[in-house]
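Quick note, the sequences are listed as chains A and B, same order. So for the first sequence, my numbering puts the first residue at 16; every next one is plus one. So for the second sequence, my numbering puts the first residue at 479; every next one is plus one.
Read the hints as simulated data drawn from the structure, not as lab findings. It cannot be assumed that every hint is accurate.
Facing chain A, according to a computed beta carbon distance under 10 Å, are these residues of chain B, among others [as the list claims (entries may be wrong)]: (1) PRO569; (2) GLY684; (3) ARG686; (4) LEU742; (5) ALA814; (6) GLN910.
Among chain A residues calculated to face chain B with C-beta under 8 Å, some are [claimed, not checked]: (7) PRO60; (8) LEU78; (9) SER98; (10) PHE100; (11) SER103; (12) GLN123; (13) LEU134; (14) GLY136; (15) ASP145; (16) SER179; (17) THR183; (18) GLY235; (19) LEU251; (20) GLU253; (21) THR255.
Backbone N, C-alpha and C define an ideal beta-carbon position, used for all residues, glycine too.
One letter stands for each residue in the lines below.
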Amino acid sequence: MGGFIWLPAVASILLSLVAWDGIGGIQQMRFVGLGNYADLLTIHPTFWRAIANGLIWLAGLGLVATPLGVLFAVLLDRRMRGSAFYESALYLPVVLSLALVGFIWQLQYAPEQGFLNQLLGRTTQGQLIDWLGDREINIWAALVAGGWRHVGYITLLYLAGLRSADPTLREAAAMDGATEWQAFRWVTLPVLRPVNVVIVVVTAIEALRAFDIPWVINRGQNGLELLSTIVANGLLGEATRVGYASAAATILLLLSVVPIALYLRRALRGDSGAA
Amino acid sequence: MTGGAADPVPRREAVRITRRRVLRGAAGLAGLVAIGGLLRACSPAASPNATSRLTLGSNYADDVPRRALQQVIDEFSARTGTEVVVNTVAPGPFQERIGAYLQGTPDDVFSWYGGNRMRFFAERGLVADISDVWADLPNQSDAARRAAMGNDGRQYLVPFITYPWVIVHRRSAWRAAGYARPETLAELLELCRRMEADGRVPFAFGSREGWPAMGTFDIINLRLNGHDFHLALLEGRERWTDARVRAAFEQWRALLPFHQQGALGRTWQEAARSMLTGEAGMVFLGTFAAEQATAEEREDLEIFPFPRLGTEFDAEMAIDAPINGFMLSRAPANPAAARELLRHLATPAAQSSYVMANPSRIPTATGADTSAFSNLQRQMIEVIAGAGRLAQFFDRDTRPDFAGADGMQAMLGDFLQHPEQDLDAFLARVQQLWDSLD
Numbered sequence: 016m017g018g019f020i021w022l023p024a025v026a027s028i029l030l031s032l033v034a035w036d037g038i039g040g041i042q043q044m045r046f047v048g049l050g051n052y053a054d055l056l057t058i059h060p061t062f063w064r065a066i067a068n069g070l071i072w073l074a075g076l077g078l079v080a081t082p083l084g085v086l087f088a089v090l091l092d093r094r095m096r097g098s099a100f101y102e103s104a105l106y107l108p109v110v111l112s113l114a115l116v117g118f119i120w121q122l123q124y125a126p127e128q129g130f131l132n133q134l135l136g137r138t139t140q141g142q143l144i145d146w147l148g149d150r151e152i153n154i155w156a157a158l159v160a161g162g163w164r165h166v167g168y169i170t171l172l173y174l175a176g177l178r179s180a181d182p183t184l185r186e187a188a189a190m191d192g193a194t195e196w197q198a199f200r201w202v203t204l205p206v207l208r209p210v211n212v213v214i215v216v217v218t219a220i221e222a223l224r225a226f227d228i229p230w231v232i233n234r235g236q237n238g239l240e241l242l243s244t245i246v247a248n249g250l251l252g253e254a255t256r257v258g259y260a261s262a263a264a265t266i267l268l269l270l271s272v273v274p275i276a277l278y279l280r281r282a283l284r285g286d287s288g289a290a
Numbered sequence: 479m480t481g482g483a484a485d486p487v488p489r490r491e492a493v494r495i496t497r498r499r500v501l502r503g504a505a506g507l508a509g510l511v512a513i514g515g516l517l518r519a520c521s522p523a524a525s526p527n528a529t530s531r532l533t534l535g536s537n538y539a540d541d542v543p544r545r546a547l548q549q550v551i552d553e554f555s556a557r558t559g560t561e562v563v564v565n566t567v568a569p570g571p572f573q574e575r576i577g578a579y580l581q582g583t584p585d586d587v588f589s590w591y592g593g594n595r596m597r598f599f600a601e602r603g604l605v606a607d608i609s610d611v612w613a614d615l616p617n618q619s620d621a622a623r624r625a626a627m628g629n630d631g632r633q634y635l636v637p638f639i640t641y642p643w644v645i646v647h648r649r650s651a652w653r654a655a656g657y658a659r660p661e662t663l664a665e666l667l668e669l670c671r672r673m674e675a676d677g678r679v680p681f682a683f684g685s686r687e688g689w690p691a692m693g694t695f696d697i698i699n700l701r702l703n704g705h706d707f708h709l710a711l712l713e714g715r716e717r718w719t720d721a722r723v724r725a726a727f728e729q730w731r732a733l734l735p736f737h738q739q740g741a742l743g744r745t746w747q748e749a750a751r752s753m754l755t756g757e758a759g760m761v762f763l764g765t766f767a768a769e770q771a772t773a774e775e776r777e778d779l780e781i782f783p784f785p786r787l788g789t790e791f792d793a794e795m796a797i798d799a800p801i802n803g804f805m806l807s808r809a810p811a812n813p814a815a816a817r818e819l820l821r822h823l824a825t826p827a828a829q830s831s832y833v834m835a836n837p838s839r840i841p842t843a844t845g846a847d848t849s850a851f852s853n854l855q856r857q858m859i860e861v862i863a864g865a866g867r868l869a870q871f872f873d874r875d876t877r878p879d880f881a882g883a884d885g886m887q888a889m890l891g892d893f894l895q896h897p898e899q900d901l902d903a904f905l906a907r908v909q910q911l912w913d914s915l916d
């Protein structure tokens, strides 16, 4: 099973050391060593912006969307009136594929005909907000679209965790005079340790997986570059640069595997050690 | 073992799910599937008759082009008795997977584009030489001949339809406002200022996909520096750091204030609509912009080539007029019938039949009967006939990896966002990009 997962990754790493246009067999590949990596880091017009955008996406999901999801889960756990409605409202974006989410949101962001600019009354030249074309703000616009869906996802996961937690612990904390926040911080959160690990890993994975929304908007150009779109642009096209794209993919792999492995090791070791 | 009285929750008699039952169920299901497969294999498959069946891979996926093409194919089938199976794929995925497609089991004939975009695959031996088909073709223009030629001088593409990149506007709007067609740069700037005074933005401009901006670069470079320099630049024989290229970008920079802002957030379809609704005075686009118009709006459209820029190349009146055609895959199942189809597609009659059904294109073959063409099509023919030299379009005249999303699309996007940047540094980066390829 390890081979099943790791063989393609190893193949990608090996491909990143050659220059190949995807046509012909192994004889057509030209070994270039680390040349592809050098090109990526120095000549590629948007590589560093892609890295920065990836970090922005991670920060957006991790510092805003995920805490928001946790907050909504805690609120929904109280089972107030209408919570069924709120739950459906939060879960609805989760059912949509990311490509569809991207499509829906780009209609909202359209310069003259989109909902947002119409609402703000800024649809004429000189006034309009270029949500998708202005390099400074379009990554945030895409992030809102991605976060919209992510919040529901986190709510779903955390709510399941909360509902499976022992309610008597929280009652005991309330009886001891703890406030809501204190009960959450000192009782619920530690008890939900496994769910927390899942939430953090899911957030990191969703951030690294970010691709569909920028791709659907404009194929990851002009401010919406991500490592994943660089890989896709190198592979999908008439003149594919397989080695170059594989180098980008390998960098993405390293950036993904290292932090997640370190975090999981620490979290799970803490679990199995003395409680 | 029965639960007895110790069961806390009353349970209905449930089927116990044991491992054995699951395995038996899976085996039964597998058996059913296998039997189904056997039956399908036993039934007589539609055996392809080697002399009367062909496959055609087409990226004419939108309604209008698809039906128009089907009409042409039906006429061919009726005439020759050959059955043609058309496999239609949306343009984006079709172009993206063309490499894998051609290396695998492609259809006998497939739709593609002329210029370097075709030469790339011809060089790698993925398409068949059809110079023999060309030998029989009358009525082909020089531009078509060049667009269809590989680097070895042999022909690989049969040209089908074409369209020019021009300035498009609404006749009624211009007549009402009293605008006249500009012939020179000075007249164009004057017209732009008048449009602004009237509360319109002169040029609609949408380049979110990345490639529409290439049309503007092309026409400015063609007018300013000539057709030969433009093609040499795109093929790498001239350098982007040349002073002439810098002059082209400076000219573009001077025209940008008259274009719609936020072009990188706007698709070409939205830009075309701004022109049609009157928000913008005109749009510089291929005549496919007419696809955004209703039938009456289309009748109201007028086109003209980009004005002269006052250089020695004015007489040339070069424009972009991309040629779409069909090619033969390298090992077709039915070579004779496939060549027949290609010959048919190159005839003026077949092309006329197509453009009658798809009014934003015109035939490449000369001598087609134009009496029933629409107003717009007649104008298109006039423009192309009046152009001295024809280029294909940026992304067809140069290497696909240079023109792609990681290449010039990103660079031009950068220029459009920051037109006041240091052009020498910018062009040095473009040259570096070219040098890094291959």
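Task: Structure-inconsistent hints, enumerated in ascending order - done: Hints 1, 5, 8, 9, 10, 11, 12, 13, 14, 16, 17 are the ones this structure does not satisfy, whereas the remaining hints hold.
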